[in-house]
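S.K.: Listed here are the chains, written in short residue letters.
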Amino acid sequence: MLYIFCPHCGSRSQNEFAYGGDATVKRPELNKEISDQEWNNFVYLRKSPRGKHLELWHHISGCRQWIKVERDTSTHEIFKTYKADELTE
Amino acid sequence: MQKYSVFSLIKNAFSDHQNWEVAWKDPTPKKEYDVIIIGGGGHGLATAYYLAKEHNITNVAIIEKGWIGGGNVGRNTTIIRSNYMHDDNALFSEFGMDLWRKMSQDLNYNVMFSPRGIINLAHSDAQMNAYSRRGNSMRLNGIDAVLLNREEVQKRIPMADFSDNVRFPIFGGLMQPSAGTARHDAVAWGYARQADSMGVDIIQNCEVTGFDVNNGKIVGVRTSRGDIKAKKVGLCVAGSTNILAEMLNMTLPIETHLLQACVSEPVKPLLDHVVTFGAGHFYCSQSDKGEMVMGGDLDGYNSYSQRGNLPTLQHVLTEGIAMFPFLSKLKMLRTWGGIMDMSMDGSPIIDKTHIDGLYLNCGWCYGGFKATPASGWTFAHTIAQDRVHELNSGYSLNRFNTGDLIDEKGLGTKTWIS
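So the protein lines, in turn, are chains V and D.
Those letters in the first sequence? Residues 1 to 89, per our numbering, in order.
Those letters in the second sequence? Residues 1001 to 1418, per our numbering, in order.
Simulated from the structure, these hints should not be mistaken for lab results.
Be aware that a few hints might be false.
To list a few chain D residues with every Cβ distance to chain V over 10 Å, as calculated [as the list claims (entries may be wrong)]:
| # | residue |
| --- | --- |
| 1 | N1056 |
| 2 | M1085 |
| 3 | L1270 |
| 4 | A1279 |
| 5 | G1300 |
Derived pair list, reagent style DSSO-like, types lysine-lysine, alpha-carbon separation capped at 30 Å [as the list claims (entries may be wrong)]:
| # | chain 1 | residue 1 | chain 2 | residue 2 |
| --- | --- | --- | --- | --- |
| 6 | D | K1053 | D | K1352 |
| 7 | V | K26 | D | K1053 |
| 8 | V | K47 | D | K1025 |
| 9 | D | K1231 | D | K1025 |
| 10 | V | K47 | D | K1053 |
| 11 | D | K1352 | V | K26 |
Every beta carbon over 12 Å from chain V, so not counted as near; a handful from chain D, in silico [what the hints assert, rightly or not]:
| # | residue |
| --- | --- |
| 12 | S1005 |
| 13 | Q1105 |
| 14 | S1124 |
| 15 | D1125 |
| 16 | R1307 |
| 17 | P1311 |
| 18 | R1399 |
| 19 | K1409 |
For each residue, glycine too, the CB sits at the ideal point set by N, CA and C.
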């Protein structure tokens, strides 16, 4: 069981959360010419690193806020959590 | 190579089975190979075997970080099937079914292929319609499919919950009678033994640490046991593809996720088929030893840990008991996990890359084991001929760019929602 520290609610079990994937992916800017390659990068390509991974989780059975979690993908250690709009280190 | 037969078994019984030849050697890496296959799992071993057998390329090394059969080929739930709707998947898998049927004779190794049939359960009229469509598509591609009604399912799996008060009542199911299971370890060992006998070097405990690329062409790999030159290199490392891709500065449409499986204590034969309860994210078959072999969902977040987390296992078994109430009486024998390449459309990639001489075989999601022979066969063709075969032409790396996705299950990009 993972325990995830929600910046709004405190430490909660993973059962309260839904996973939202890689948080470093940036959507191409609106109202700008976008190439197929840029869309491809945004929609499909993922680094999926072994080790530190910044990812989105949705506290769906809690405060319903999206948060960012920095987690190790091989040990599951959670280093730090952020509010969705908070700048990450 | 010593041929395995009843006569060799009797002969060796006289010497207390002390004089069997080793099944494959433990060579030190040479300086250079024509082809290096990275990853000594089922797909890598099969690729090397078909390179030697079909293309006469025997100066081949398989480089494996751990040991043969220690990765996903030893961690899957041994299911073999070709019940796909889309042409690319259906034709590829059915080609594989043919190789499965001949495999024990072909490899002179009993892989215990058991075509016991797979039943996908349906729980609504809409799902029955969808399965009817899928079944018809399968039959158009020459694959056997039978639509079963509730009574026909009950006759085949009477121990499932057919009572009135269930959340997902069984309306019927789609059956592929020629699907089944095989002994997964034997598949790895059989391919390894034959590949070795034809001159392939199987190099275990050898980790790849980097690649040598010169002017857009692969020239060798760096390993924990020294640098090895190679004209061609094939990647067969499902689960660790992203790690090697990073060394090559490639970003792929793949995330690495963890999938768990488990077996119960052995009981007498009671489940004749492989049964999937898709609505409940659960599937089950009974091994030849009598264990109930069960699996279900991904753990749900990127993971390289090769061991599972309890909430998912609890969810899978809760669903399992809902379909097969007798499971609640059984003790759990083992649980384990393996890491999967989850591709963004749920279908694999077997293709060339932008680097000359570098070939990619990855993205197997839940379906790697059953694809072992067809994957090895087509990947060997792709490497030997430097062009994809018709059978794997749909499994291109570029399809995400061009929009030619093979979205068999309509999972889209959110692999963790599956």
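S.K.: Please confirm whether S1005 (chain D) is truly not at the interface, meaning its C-beta sits more than 12 Å away from all C-beta atoms of chain V.
M.R.: 45 Å, holds
S.K.: Just double-check Q1105 (chain D) for me: nearest Cβ-Cβ distance to chain V has to come out over 12 Å.
M.R.: 40 Å, holds
S.K.: For the pair we were handed, K47 (chain V) and K1025 (chain D), check the Cα-Cα distance against 30 Å.
M.R.: 37 Å, violated
S.K.: Was K1409 (chain D) rightly flagged as not at the interface, with every chain V Cβ beyond 12 Å?
M.R.: 16 Å, holds
S.K.: Would the pair K47 (chain V) and K1053 (chain D) pass a check requiring their Cα atoms to be no farther apart than 30 Å?
M.R.: 36 Å, violated
S.K.: Test the statement that N1056 (chain D) is away from the interface with chain V: the closest C-beta pair must be farther apart than 10 Å.
M.R.: Given a closest Cβ separation of 37 Å, the condition holds.
S.K.: Are K1053 (chain D) and K1352 (chain D) close enough, with their CA atoms no more than 30 Å apart?
M.R.: Roughly 21 Å between the alpha carbons, so the hint for K1053 (chain D) and K1352 (chain D) holds.
S.K.: Take a quick look at A1279 (chain D) and tell me if its Cβ sits farther than 10 Å from every Cβ on chain V, holds or violated.
M.R.: A1279 (chain D) is indeed farther than 10 Å from all Cβ atoms of chain V, at 19 Å.
S.K.: Do the alpha carbons of K1352 (chain D) and K26 (chain V) lie within 30 Å of each other, as the hint requires?
M.R.: 28 Å, holds
S.K.: Assess, step by step, whether the Cα of K26 (chain V) is no farther than 30 Å from the Cα of K1053 (chain D), and give holds or violated.
M.R.: 47 Å, violated
S.K.: Examine each Cβ of chain V, and state whether all of them lie more than 12 Å from the Cβ of S1124 (chain D).
M.R.: Given that every Cβ of chain V is farther than 12 Å from that of S1124 (chain D), nearest at about 25 Å, it holds.
S.K.: Over 12 Å from every CB of chain V: does P1311 (chain D) meet that, or does the non-interface label fail?
M.R.: Answer for P1311 (chain D): violated, closest chain V Cβ roughly 6 Å.
Hint compliance for this structure: hints 5, 7, 8, 10, 16, 17 and 18 are broken, all remaining hints hold.
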